[in-house]
Structures are given as C-alpha cells and as structure tokens.
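In order, the protein sequence lines correspond to chains P and Y. Everything in the first sequence is counted per the numbering used here, starting at 1 for the first residue and increasing by one. Everything in the second sequence is counted per the numbering used here, starting at 1 for the first residue and increasing by one.
Keep in mind that the hints were calculated from the coordinates and are not lab data. Check each hint, because a few of them may be wrong.
As the list claims (entries may be wrong) - Listed next, the in silico EDC-like pairs over lysine to aspartate or glutamate satisfying Cα-Cα at most 20 Å (straight line):
#1 P/K426 x Y/D23
#2 Y/K153 x P/E429
#3 Y/K67 x Y/E136
#4 Y/K153 x P/D430
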Amino acid sequence: MSSPPNTIETLANQEYKWGFVTDIEADAIPRGLSEDVIRLISAKKQEPEWLLDWRLKAYRHWQTMQEPTWANVHYPPIDYQDIIYYAAPKSKKDAPKSLDEVDPELLKTYEKLGIPLKEQELLAGVAVDAVFDSVSVATTFKGKLKAMGIIFCSFSEAVREHPDLVRKYLGTVVPSSDNFFAALNSAVFSDGSFCYVPKGVRCPMELSTYFRINAKDTGQFERTLIIADEGAYVSYLEGCTAPMRDTNQLHAAVVELIALDNAQIKYSTVQNWYPGDKEGKGGIYNFVTKRGACRGVNSKISWTQVETGSAITWKYPSCLLMGDNSVGEFYSVAVTNNYQQADTGTKMIHIGKNTTSTIVSKGISAGHGQNTYRGGVKILKSATGARNYSQCDSMLMGDQCGAHTFPYLEVKNTSSQVEHEASTSKIGEDQIFYLRQRGLSTEDAVSMIVHGFCKEVFRELPMEFAVEAQKLLGISLEGSVG
Amino acid sequence: MSLLEIKNLHAIVGEREILKGIDLTVNPGEVHAIMGPNGSGKSTLAQVVAGRELYHVTGGEVLYDGKDLLAMAPEDRAREGIFLAFQYPVEIPGVSNMYFLKAALNTVRKTRGLPELDAMDFLNLVREKMKLMDMEQTLLNRPVNTGFSGGEKKRNEIFQMAVLEPRLAILDETDSGLDIDALRVVAGGVNALRDPQRSMIVVTHYQRLLNYIVPDFVHVLAGGRIVKSGGKELALQLEESGYAGMGIYDEGEAA
C-alpha cells in the first residue's frame, strides 16, 4: 500500500504559523508537543477550562514517564516531537479525487469483503460530494436514540452538550497518569465517541461509529467513553472491518467503559489497520488502553476483539470487577502475518464478591508474525467466591512465526477458583489437503480451519460482524500457507 | 473411453522414488483393487492421483476423462469427481461436519452446473445418506473427525463419498482399523454406491475387504510397479500363499 500524496510533508512544509491561537482555519499545527500545542488543541476545540487543565496535568505527568519496554514487541524509537498532534478535519485537497487514485491492493480487499462502491470511497477517504446514504440513516437513527434518552455523539460534541457527564466520568477508569500512552492520549486526544445509556434503557440497536459519519477522521488519539447507567444495556461496535486509508503511524487511543448496577456493556472491535507491507515496512503502531469498570452489582462488561491489522498491537482490554456478582469477559482473536507483532491480552481484577471472569484468547501467527498473549488475573482479598476461567490457544502457520503466552495470576482470597488452559497447534498441510480433496480452494480451506479455531470468539460477535471477520481472516492470511 | 488412464507414472517424495512406472486403465463402472506389501507405493499412488503436493511426479502421464490430470489442482480434481477416502482422515477442530460437507457439496455441484443446495435440502439429502452408513446424526454436528473413533472416521469418509457422488472413488486402506461389524457396514455403504458410471480403486493390504467389496480386477503393486494383474481370484491366491510365496517382494525388503 502506498501512502496517499504526501499529506504529512505538505503539512510540514507549510508556512510556520506561530501566531496560531487565532488562526483556527489552519488544518494542522506544527510538529511536536508542548504545553502551547495542548493549549492550541483545546482552543481549537473550544474546550472549557477544566478540560484544558486536565490535559495539561496529563502532559506534565507524561513528561515524567518512560515509554514501556516490557511488551514483546520491537520497533525503532518513536520521536514524539516529530508527530503532528492535531490535523482535523482532513482537507479535501489532500484526499484522493477518485478511487482511481487509491491503492489497488486496498480496493482488492474491499472487493473481497463485498463493500459497495460508495462505502469504498468513504473508507478510502475519497472526497465525495454526493450525499452518502448513511447520512440519512444516521439521522433517523439518532432521532430514535434521542427519544429514548440515549446520548451517542462525538466526544467533542459531548464536551459541549453534556459537560457534566463527561466531567463526572472522564479519566475515572483510565486515569490520565495510568500509563505512558494513556497519559499522552489524555494530553492530546483529538476526538472520539461518547455514549450514555440512561437508567433502565436497553439500547435497541448495535451502536457503531460507522453510523456516525463525522467520526471517520478522529485521528490517531481517539478517546471513547461509554456509560451504562443502572439496568441499562448497550452493544457497541468499534471500527470498521475494512482497512482504513490512514497515514498515521502511531495510534494511542483510550477507551473507558462504566457499568453501574445491573448494567451491561458489550464492546466489539474488528481492527484491520494497515499492517505494513510484506517486508515489514510501514504499518500502524496501535498502542491502546481499554478498560471497563463494573462499578455496580450484577454488572457485566464483555470485550470481543478481532485484531488482524496494525504492524504492532499493544492492547489489553481489561475489567475492574468492583460490584458484587459482576462479570467480565474477554474474547480475542489476534492474527499476525508477515512481520506483524501483537502483544495483547487482558487484565481481570476481581474486587467484589462472587465476581466471575472468562478469558478466551486465540492467537494465529503466520509468516514472520509474533503473537503474544499477556493476561493478568488478580483476585483481591475482598473478592470472596471469585472465579476465573482462562483459555488461550495459539495456532502457527509455517515455521518462521512465533507464539508466546504470559499468564500472570495473583490470588489473595482462598475461596476463589482459577482455571487456565493453553494449547498450541500447527495448521497442517494435511488438513488443507483434506479440505482441498473435497473441492475447497486453498483459501477457503485455510479460512475454514482458522474459523473453526476461532469459533468460540466469533460466536460472541454480532452476526454481520462475525461474517466479515471471517472473510477478513481469510484475506489477512492469504498466501501464508501452501 | 476410459475414465482414468495412468501411463508409466513415476513419482518421488524427497529424494526417494516411490512410483517407478505405473500403468493402469480404469473404465467407467469398474472396481479395481490394488494390493501389495507395506511400502510398495499403494498409498502414494492414491495420493498422487488425488494431487497431494508432497509427491512430485517425475515422469509419465495421467488422463482423467481425457484431460491431463496432473495439470489440475487437487480441488479441481475433486470438483471433477475424484474422491479419496483417506487412510487417516484428518481432524478439523471447530468446523462442524455438516458445515464442511455442505460447502464441499456445493462447490462440486457448482462445477457440475447444478444449483447449490440450501440448508433444508441438504439436511434431507444427508439424512438419507446417513441411513446407508448407519451413522448417528450427532456425528453431523460434531467437528470434522474430531474425537471420532477409528471406525467412525472411516464411516464418515464413505458417508462423504455417498453425499458427494464421485465418478472415481479411491479408497485408501478403508478397512484398516475396522472390526468385522464396522467393516460390513462400510463395505455395504461402498457396494450401495457401485454404479455403471462410477469407478473405484480400492487400495488394501488384506484380502478380507475384497470378500465384501468384490473387485473386477486385482493388481499387485511391489517396488513401485504393478507386478501382477488379474481377476478377483488373484486376491484369494495372494491370501493363500502370501506376497513372498508368490515371489513378490518390495524392492527394499528384497535387497
């Protein structure tokens, strides 16, 4: 995949605008990070004072922190002063004029996924003037949600329209000082999604950024905050199954989920960002902090992720099981092909009584891919009767790839129960031949074997997501066997 | 016209030559048994015809329905009606037998210009074929061959054959690991599939299977060549005197 016409260079070479505070017209700000840059971002977004203070506090803390090195991933040092921290909205000038200007490899993938032309244009970032069908869909959709009292909007809009809610919950699950990348995100986050489901309301549809057309350029420092009030239920789909045209190298997002008494949040991700080319050049570094707090009794947070993209994935969607009887779940499929590296897993922190957690992780490595599962189960003294079940399976394709498992267990309550199962298998030439002998193509055979391997995770995904996730896996692993 | 015509076929695995010039012609409706001592190349022949890439063909040609079989990918051979009942059926965890077989049947049907079967029609077809093999329906919902007993795996192979209705079926040691009752069921299933339009190659080590599946021709393979061919009596002769008694040695063993 070639990068689109020099967006970054164009921005970098533009006239140096230091008198920037008033110059809101500019598409981007100069490279580098400083308090002034943060003030500028906040000013551009017309944020209230408290939020600017929050950002600055995060930034000051970030300056004292070290980039973590414990993950099983390797990459050249990131120059944080060489990044442009605000570049939204992207100008139509820089976008491809039509699909003809888009990388044919990307288009081939869209075709295989069966994505309609109009959507392909949107995903590839083509500057389309025609009204896109989903805009009207999104509008009717929003009206319906509003009638039920559900707030679903961009983070910036939430800061403007619902400042009290944002202020009450922001940073309460992932504190701005939590880790290096979370602190960075807290200082410079550009936009993201906000969702609040009021007491007793069951959100009648899967919420997805896909419907929120204005979310497509939220940039590399995305922030998501979802709150399910007492007895509420929401299922949220993150991202898009098709690869996004994206020039950003570093993505450091933060997602916070909060479930109050008897509330449930289901959060599904299918991540397919640019993984770099076959030699391992380019690709996105995805350093994400995702955490959910089951604050209320009987609350439940369920993470399902299918990670097929990015050059490096560093991601541990976790649950703080605070309320008694609360439930945390983590279902994950992570694929690494070519030179991709993934260090992913979860943390389940049992605090309340009779809390339960389930971890099902499936790692698939092909090519020179390195796949690491890193999971932590912590049962505190207060968590009487807590239970955890973990299962992590690895599948290897070829003999150049690697699978690694690091389960950490910390149990401080003797009435608890913890189970861990792990397996490693190799996709066999004999399995593929068996299926081909029955008439299936190699691609279909690999896809079927992999799908079987991932079944327990896929069945947690919403229907349409599951179908696309299966196709995606096939595409990601194409050419890795036989 | 013959369905399968193998001419002077040579094949190697790694550096080792296993098939050293096989000639075999199979006409529609015929059942050929291939017998021979261990390591004579029986299974290799079956795998080469099915297209296993582990083996490299170094000489000769194979015509299937007049077409150059060796130029076809394994899946194309399958779609054109070649079915291999595996000696060691492979386990595919997490993939239900039913889902797998439906996908297979529909690709084969597509090649034959038939419409794809929907779930209901497929289920009806499958129920009918299961009776033939005296199989329990729960096997359908279980992952392909996973946790199946040896006998269940072999039955499942012939059941798949019944569903896919091949033109050329190759049974590779289908009798190995079967007790006598299971052998009867499996052989009964195979016999029910005998048809003037369907040819079979039955690879077996023992004559026992041929009491149930009576072949039209018997060939003895040794040292990578067919050293003797005859009618069904040849199998009985072999049973009586053994391979060595008939002067048949595997090259390796004889040396």
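Now the hints, each set against the structure:
For the hint pairing P/K426 with Y/D23, the CA-to-CA distance comes to about 37 Å; that exceeds 20 Å, so the pair is violated. Straight-line distance between C-alpha atoms of Y/K153 and P/E429 comes to about 19 Å, which keeps the hinted pair within the 20 Å bound. The hinted pair formed by Y/K67 and Y/E136 fails the criterion: a straight-line CA distance of about 39 Å is larger than 20 Å. At roughly 15 Å between alpha-carbon atoms, Y/K153 and P/D430 fall within 20 Å of each other, so this suggested pair holds.
Violation of the numbered hints given earlier is confined to hints 1, 3; the remaining hints are satisfied by the structure.
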